[in-house]
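S.K.: Each chain is listed here by its residues.
Number of protein chains: 4
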Amino acid sequence: MKKIAVLTSGGDSPGMNAAIRAVVRKGIYHDLEVYGIYHGFHGLVNGNIEKLELGSVGDIIHRGGTILRSARLPEFVNPEVQKEGLEQLHKHGIEGLVVIGGDGSYRGANALTNLGFPCVGVPGTIDNDISGTEFTIGFDTAINTVIDAIDKIRDTASSHDRTFVIEVMGRGAGDIALWSGLAGGAETILIPEEKETIDNIIDRLNRGKQRGKRHSIIVVAEGVMSGVKLAEQLKERIDADVRVSVLGHIQRGGSPSATDRFLASRLGARAVELLLEGKGGRAVGIVKNTIVDHAISEIINQPHKIDNEIIRLAKELSI
Amino acid sequence: MKKIAVLTSGGDSPGMNAAIRAVVRKGIYHDLEVYGIYHGFHGLVNGNIEKLELGSVGDIIHRGGTILRSARLPEFVNPEVQKEGLEQLHKHGIEGLVVIGGDGSYRGANALTNLGFPCVGVPGTIDNDISGTEFTIGFDTAINTVIDAIDKIRDTASSHDRTFVIEVMGRGAGDIALWSGLAGGAETILIPEEKETIDNIIDRLNRGKQRGKRHSIIVVAEGVMSGVKLAEQLKERIDADVRVSVLGHIQRGGSPSATDRFLASRLGARAVELLLEGKGGRAVGIVKNTIVDHAISEIINQPHKIDNEIIRLAKELSI
Amino acid sequence: MKKIAVLTSGGDSPGMNAAIRAVVRKGIYHDLEVYGIYHGFHGLVNGNIEKLELGSVGDIIHRGGTILRSARLPEFVNPEVQKEGLEQLHKHGIEGLVVIGGDGSYRGANALTNLGFPCVGVPGTIDNDISGTEFTIGFDTAINTVIDAIDKIRDTASSHDRTFVIEVMGRGAGDIALWSGLAGGAETILIPEEKETIDNIIDRLNRGKQRGKRHSIIVVAEGVMSGVKLAEQLKERIDADVRVSVLGHIQRGGSPSATDRFLASRLGARAVELLLEGKGGRAVGIVKNTIVDHAISEIINQPHKIDNEIIRLAKELSI
Amino acid sequence: MKKIAVLTSGGDSPGMNAAIRAVVRKGIYHDLEVYGIYHGFHGLVNGNIEKLELGSVGDIIHRGGTILRSARLPEFVNPEVQKEGLEQLHKHGIEGLVVIGGDGSYRGANALTNLGFPCVGVPGTIDNDISGTEFTIGFDTAINTVIDAIDKIRDTASSHDRTFVIEVMGRGAGDIALWSGLAGGAETILIPEEKETIDNIIDRLNRGKQRGKRHSIIVVAEGVMSGVKLAEQLKERIDADVRVSVLGHIQRGGSPSATDRFLASRLGARAVELLLEGKGGRAVGIVKNTIVDHAISEIINQPHKIDNEIIRLAKELSI
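Residue numbers (UniProt numbering), protein chains in the order written: chain E, 1 to 319; chain G, 1 to 319; chain R, 1 to 319; chain D, 1 to 319.
Just chain E, with the same shape it has in the complex (with noise of 0.2 Å):
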């Protein structure tokens, strides 16, 4: 193998520069050359492909976002269009390819290698979601952007005795709420994985104010339920100031956290080392602290868990 490449795809999350250039140099350390697709499987397929050098990569790795950006393709789904990426990376004369992304790039990056050609699944979101391991690239720092914006809201809420909702991202998956949650302190924690009725939540409000807690911080999943309507029936049922903060975008952005380099940096350089070692379509990933890797085939047909364990520790600690 003497070029490979590497792109970032889907959302974009604090460490995708910090892979690119693990990438980039332990290609270069192990004398590949390696090139950056832009803008994901879309720049892919329109042959957005330019040689990256060491230098290419300098004083990136403290920076949010993705120097090589990012897009969504849809089409990517469609055999021809995927053929088109096919030829490009031909005519560039790759021969293999690092995939920097969530669960859609995955996808891609397992139809690139059921064509024969060799790619390899670095997990970069900020949703924790990803099968096959523990942690993804950007969670750490999304949670501790979300800390930081809960212990400024503690301030005003603890001022005024207020109780305030806070939305965190996550769709399908708990773990930004259930980790910033427990980590920033807040009695209430609603998650997609584990369904409470509004009476819970009502009563352990109820409880901490008769234990004389006058403020309170509901951290809520934006798959279980918007911040705003939470907030409405609250209101409706306890005599309480209820306020509610939607986190939004600012939680993909931010230079990424020492947790989120290191892992990209063990990420993308594992993931050269499979392709050097022949073994196209795996997922790399860190599990008990160790590196592994998987099939990408089982690891986009797998859910993602979240631990009992810290739900429960969350619930104990919240009394």
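Don't take each hint at face value.
[Claimed, not checked] Pair ranges (Cβ atoms, derived):
id	chain 1	residue 1	chain 2	residue 2	range
1	E	Val292	D	Gly55	39 to 49 Å
2	D	Arg312	G	Pro74	51 to 61 Å
3	R	Asn114	E	Glu309	25 to 35 Å
4	D	Ile202	G	Glu53	15 to 25 Å
5	R	Pro303	E	Lys83	50 to 60 Å
6	R	Asp199	E	Asp31	24 to 34 Å
7	D	Gly55	G	Pro74	20 to 30 Å
8	G	Asn308	D	Ile238	32 to 42 Å
9	E	Asn46	D	Glu50	49 to 59 Å
[As the list claims (entries may be wrong)] Pairs of lysine-lysine residues, derived as PhoX-like cross-links and limited to a Cα-Cα distance of at most 25 Å, are as follows:
id	chain 1	residue 1	chain 2	residue 2
10	R	Lys315	E	Lys279
11	D	Lys2	G	Lys315
12	G	Lys213	D	Lys3
13	G	Lys195	G	Lys315
Treat the hints as calculated values from the structure; they're not laboratory data. Don't be surprised by glycine CBs; every beta carbon is placed ideally from N, CA and C.
With chain E held as given, fit chains G, R and D onto it using these hints.
M.R.: Using the frame of chain E, we list chains G, R and D on its own:
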């Protein structure tokens, strides 16, 4: 004068604690006893008053919110209620009061002064919408919080070539939007003080696109229209991926910036001096980088003005 | 078991408060009374002990340092002094003790356990130099503080084409240097566990320069040599503008990261469970992303090991 | 005037990029061509000059350091060297120059102006030691970096009941020490402009201790004496655990604060206006919250003054 008191009222803002600390330390420096009134005018009326020592304000200069907590008491416009407050002050032997807050708080301070009790107002609000001062305590921290959010959103905007609408606080005053938009490098800034048509905004977006700009950030003060509504209008008329982020309550919190701690220290200390000089009914402020004071009665009837030079500059730099 | 206590000892680390909070809340969840011992073993011997309630640990999860304060008491190796501590515990009816700290603190906990009093150790130190756990509470925050400093220094290094030596904490353990150096994109990382000659360092700097690198960052653990000394040696032998920055005590402070709050919550809660299960003399830790426990007596005699895979990765990515 | 140029010189400071951006955009707004000169006067003499477009200054407003890089060229006092610079400017058809930097940079700008080439100085230095302006670009960011460090150190100081000496930048000017000390709540602030005896410092520490203060923070400007030396003197004479932290180069870096971006934008834009008005040989600044300009020749011969009111306030609040 032997005993003075301090309270915070209305929406909390970062730096209120630094102002409280300054009042207490400056008071004690001049051999006064200083009392803290909790929960604003609500606590005043209910006699929620405690003596503060040097140690009471130790290690608070860097904390957001207000250790005295805050509240709104609309009933304080009622002279009967004002008299109840007055009685509490007399009961504790307090001879002067520092009121830290916004416009509504100043009205309370003015009412008490009119009843013969000397009050001094200190401008504490993130909105920068108080007359008689070029900057209010909390404004600098708020705009730093906003530009941090803009920087994060820019990561994802530039990775995806998106147009972002960022809604910031400011019902009647555009200062947060204007300053943070200029400092955040926003392409378009919408403030209540200057109406712009949707056509104008779209023209600018299109011109930017023609010049090769692939992403764009629009900062809108909540007083102009909601970010969601603006995004909807834009989506109908331009060919771009438009997203919206409502920053909300994080703008009120956080550790105060150096500038806010500094300003709060100067204003809090000056408020005590005014009481000692027998000058009740004044509001302190900073004008032309000098600590000044005006009659509260004037301040509460003057509209806040935005700096037209800054509006012009923002336009020239966002070409 | 009805009453337990908790103390923090040795150098403070961010997340200790989150661990204290977890001990208190988990204890109360299981209907225990929980006591706080102030100033570590010093306070234990002197009976500086107070009951903690849910409210005692409210709004502390995000605070650096330790609300129980810390101290060193070298005399605690003396059995007479240990017995004084024991008497205080008995006097208050306390039946189990959670000790949060580093190696020295563990020795105290082990001594008390050997005297028949069940103690559980929780690893709280920024140095990540405790055996039996892959991560200690405070380490993640410390490396985030270091990479924030590296990012700032990179600004000025790249603006002036300078070589920067950054000295970080770590007398015997290179983990802070290794992780922050890798995550900070340092060109050279010097750790006590692996000696490198000055010739090697200079070779690498020269190779980088030939490849067009105009600035360079060297992270050195204080246990290798002082940053000032290293900079002097470099200045004598290379033609570059070499500057040095000793990060010092800022590495110990700051609001704990999400990961540290999370780890502290899990470890603190597990420590209480161990006491309830009648398992004194254990130290909790995280190994392979699972909460584990070992005999303290083993832990204090085992050297900490650095991950050689990470050393290799750091070298490959810093070509 | 058709073509102007901009350079940064001397020590870099956060906000220089915002100033460069303002010069470029304001210039293009007025239909000028704007050139960037790399590596300060060194690059000027060597013809390291490139045309800048709107896109050249996109996404830089939030970045520390300077994209034009900086350098010192002591030889620029030599008229022969100045003429070489002049030739390069003429060769590119450049008719006016904006010089962003400190005192030394202003001398270069003044020399060129005296040779008939119109230059305008923009004060860019963290030290706030330029005459003719109350604030320099970078000062606000630097003091925010310092108070963030003080906040971190306070965590550990209060956990261990320690006295901390924090050395900050400022050889001849005490502004960083004074502002950050006041905003950081330091008990003692030592600046070059006002000598204090070690006896005084010790008196204050002892008085604080008697009042129950268990930890203490002393901020010392490097121009007074080194933090290490001060700590040694204190250790000899007081019974306290004294530690020292030298903040060093982190003070120069980091993303500029809102205030610095704002000031840089205003000053950079005004500098272009002055060139357009045919007013070379001026230095812009902010005085009494108004953008002003003075003759560079005056500025470089005037000493910087510290605000005595602030010194007094710092003393009164640190009782």
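S.K.: Taking the hints in turn, state whether each one holds.
M.R.: Consistency of the hints with the structure:
| no. | hint | in the structure |
| --- | --- | --- |
| 1 | E:Val292 to D:Gly55: 39 to 49 Å | 43 Å, holds |
| 2 | D:Arg312 to G:Pro74: 51 to 61 Å | 40 Å, violated |
| 3 | R:Asn114 to E:Glu309: 25 to 35 Å | 32 Å, holds |
| 4 | D:Ile202 to G:Glu53: 15 to 25 Å | 24 Å, holds |
| 5 | R:Pro303 to E:Lys83: 50 to 60 Å | 57 Å, holds |
| 6 | R:Asp199 to E:Asp31: 24 to 34 Å | 25 Å, holds |
| 7 | D:Gly55 to G:Pro74: 20 to 30 Å | 52 Å, violated |
| 8 | G:Asn308 to D:Ile238: 32 to 42 Å | 56 Å, violated |
| 9 | E:Asn46 to D:Glu50: 49 to 59 Å | 30 Å, violated |
| 10 | R:Lys315 to E:Lys279 | 24 Å, holds |
| 11 | D:Lys2 to G:Lys315 | 22 Å, holds |
| 12 | G:Lys213 to D:Lys3 | 24 Å, holds |
| 13 | G:Lys195 to G:Lys315 | 14 Å, holds |
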